[in-house]
Amino acid sequence: MQAQEPLTILIAEDSAADRLLLSTIVRRQGHQVLTAANGAEAVETFKEQQPDLVLMDALMPVMDGFEAARQIKALAGEALVPIIFLTSLTESEALARCLEAGGDDFLAKPYNQVILAAKIKAMDRLRRLQATVLQQRDLIARHHDYLLNEQRVAKAVFDKVAHSGCLSAPNIRYLQSPYALFNGDLLLAAYTPAGDMHVMLGDFTGHGLPAAVGAMPLAEVFYGMTAKGYGLTETLREMNAKLKRILPVDMFCCATLLSLSFQSRSVEVWNGGMPDGYLHRMASGERVPLPARHLPLGILSAQAFDDRTDVYPMAVDDRVFLLSDGVIDTCDANDQLFGVERLQQVFAANREPDRLFEDIEQALRDFRGQARDDVSMVEVSLLESAQTHGAAPVYSDSGQSCPLDWSASFEFRGATLRRFNPLPFLLQLLLEVHGLRAQSGALYSVLAELYSNGLEHGVLGLDSSLKRDATGFARYYEMRAARLEALQDGFVRVHLQVQPQGEGGRLTIRVEDSGKGFDVARVMERPVDNVRLSGRGIGLVRQLGRNATWSDQGRSASVEFFWEIEA
Amino acid sequence: MSVVTEVSPDGHKLTIAVKGRFDFGRHQEFRASYEQLDKKPESIVVDLKEATYLDSSALGMLLLLRDHAGGDESDIRVVNSSSDVKKILAISNFDKLFDIS
Chain A
1 MQAQEPLTIL IAEDSAADRL LLSTIVRRQG HQVLTAANGA EAVETFKEQQ
51 PDLVLMDALM PVMDGFEAAR QIKALAGEAL VPIIFLTSLT ESEALARCLE
101 AGGDDFLAKP YNQVILAAKI KAMDRLRRLQ ATVLQQRDLI ARHHDYLLNE
151 QRVAKAVFDK VAHSGCLSAP NIRYLQSPYA LFNGDLLLAA YTPAGDMHVM
201 LGDFTGHGLP AAVGAMPLAE VFYGMTAKGY GLTETLREMN AKLKRILPVD
251 MFCCATLLSL SFQSRSVEVW NGGMPDGYLH RMASGERVPL PARHLPLGIL
301 SAQAFDDRTD VYPMAVDDRV FLLSDGVIDT CDANDQLFGV ERLQQVFAAN
351 REPDRLFEDI EQALRDFRGQ ARDDVSMVEV SLLESAQTHG AAPVYSDSGQ
401 SCPLDWSASF EFRGATLRRF NPLPFLLQLL LEVHGLRAQS GALYSVLAEL
451 YSNGLEHGVL GLDSSLKRDA TGFARYYEMR AARLEALQDG FVRVHLQVQP
501 QGEGGRLTIR VEDSGKGFDV ARVMERPVDN VRLSGRGIGL VRQLGRNATW
551 SDQGRSASVE FFWEIEA
Chain B
1001 MSVVTEVSPD GHKLTIAVKG RFDFGRHQEF RASYEQLDKK PESIVVDLKE
1051 ATYLDSSALG MLLLLRDHAG GDESDIRVVN SSSDVKKILA ISNFDKLFDI
1101 S
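Just so you know, the protein sequences line up as chains A and B, in that order. Quick note: the numbering used here has the first sequence finishing at residue 567, numbered continuously throughout. Quick note: the numbering used here has the second sequence finishing at residue 1101, numbered continuously throughout.
These are computed hints drawn from the structure, not numbers from a lab. Errors might be hidden in some of the hints.
[Claimed, not checked] Calculated pairs, DSS-like style, for lysine-lysine (alpha carbon to alpha carbon, straight line, at most 25 Å):
id, chain 1, residue 1, chain 2, residue 2
1, B, Lys1013, B, Lys1039
2, A, Lys109, A, Lys160
3, B, Lys1096, A, Lys242
4, A, Lys244, B, Lys1096
5, A, Lys121, A, Lys109
6, B, Lys1086, B, Lys1096
Make the full structure from the sequences, and use the hints.
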């Protein structure tokens, strides 16, 4: 048997003979002994020397053992100081009083040495157990506080990262449970230089800090590339490559990305692994599902990644609704999932579109009895293009080295047209001219319009009248993707010329393409019609730029921008 | 045991059956089921007949298994998925990485 560690044992006994006898026995068992002749002395000795265990006579003068036990237990606090009552009492009621006063056990007089040793040992075990439990509890509490504090700090950082975009725009409504981000949900929104809006709802695998860590680089890529004028596909490719590079194999990010164009009244969608989103057409009440067609971000290699998007026409006030799996994967008490059908019942029963979130939340509460903490929903509606304003970019350079007299020409050919988007690069170049910065939105829109006209109608020979109705719209984008994939020859040329003029200057943009051209006179005659889905580009160029002209049977477009004084 | 492993007599085929909830709680067991083998099997079958639920960390575990088994060269079939489980696999488009039935 393992030798017992010596304890300090307090013996409180009013009979000097008994005290001596007991002290001898206990000392012989290897313990250190303190003695007291009554309850009051016992309490004093306990205060001074903190013994590990107390042997307490029940009946003593000055203060009896019951009161002394109560006081010692109060002084000991959470630590267990076992008290064994020594008693010649035999009535069960008296023995019960010993335990009620805080005693842990009792020992009948006359003393049996073997039983006394066994009881001391048993009590010592309990005492140690209690000490271990307390120590571990404190350790866990410390760790817990530490983790909570880390999470609080991290949450504050991530909230800033995830919410630094334009989530407060008038056409966005969203709902995220407070710790949704910490469950890996990420909601980002930002304007492109042309005033389109990019929105991303993402959901990382896993929970807590590891999930939120991936949010940082993702948000950085999203905001950075959107602000520079990159489209969804380039942004997606970059996000996927970045996550693939930095995340462990079992971590990935389900995501839906939207590019909402107020000007062309359409939405471009890429869904990788998120539940169906819905395009809600207000006129017909129809909800077009936007299903996941791709693997989540961060799984496939850059070569295998599929960046194909779907484009849908929208009318003013139409809405796109996205949600996280926290909604449809909510389980009830019997492990039944809330599921898509129940969600669609909520859709069907919804009378006030503005109260959709509340209706869904209510349905989840009715279903489960409590809300999950990782529910994210966002709804983006299409406004008249005049109602939106992109945030003005902030520049930090001094303007001393601003180039004012130069020209440059670019020719983008077959393979480049297939993959590369030259617009961000061209815009960056033009914004070196300070005088143009105030018009960066218009500049980008015009460049984007002329470039995509040159590419789609010119090089790819797509007919914009296809986009007159919703089916044709989808067909148009299918053909665009197919022809682009097969593209070998052809070019789009961009000529830029910047010249000083008076106090300010002039920019001339000329875009040429290798296509068949179009009947310029006929297109120019058409009134500017805002309802048609097709042919809005040319009107836009004429509105935003000056002296827009088309020559060479429509194969060459030219437009000018002016500025007055140096910014 | 909620993860049961069986290796064919010739050692070529590993079958991993997951029972009950397939979520993060199965992580250790699931990894152990293929990492502790002496010989790498040629093909792997993940049997989800008795799996009631599958969450995104289970998808992550499947990716780990795929990576361990050789990535694009791996031969992994996911069989006997219930309709709920199949839906989750379909939303994630995991049928592009695994043979799911």
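Taking the hints in turn, this is what the structure says about them:
no.: 1; hint: Lys1013(B) / Lys1039(B); result: 10 Å, holds
no.: 2; hint: Lys109(A) / Lys160(A); result: 73 Å, violated
no.: 3; hint: Lys1096(B) / Lys242(A); result: 21 Å, holds
no.: 4; hint: Lys244(A) / Lys1096(B); result: 17 Å, holds
no.: 5; hint: Lys121(A) / Lys109(A); result: 19 Å, holds
no.: 6; hint: Lys1086(B) / Lys1096(B); result: 13 Å, holds
The structure does not agree with numbered hint 2 stated previously, though it agrees with all others.
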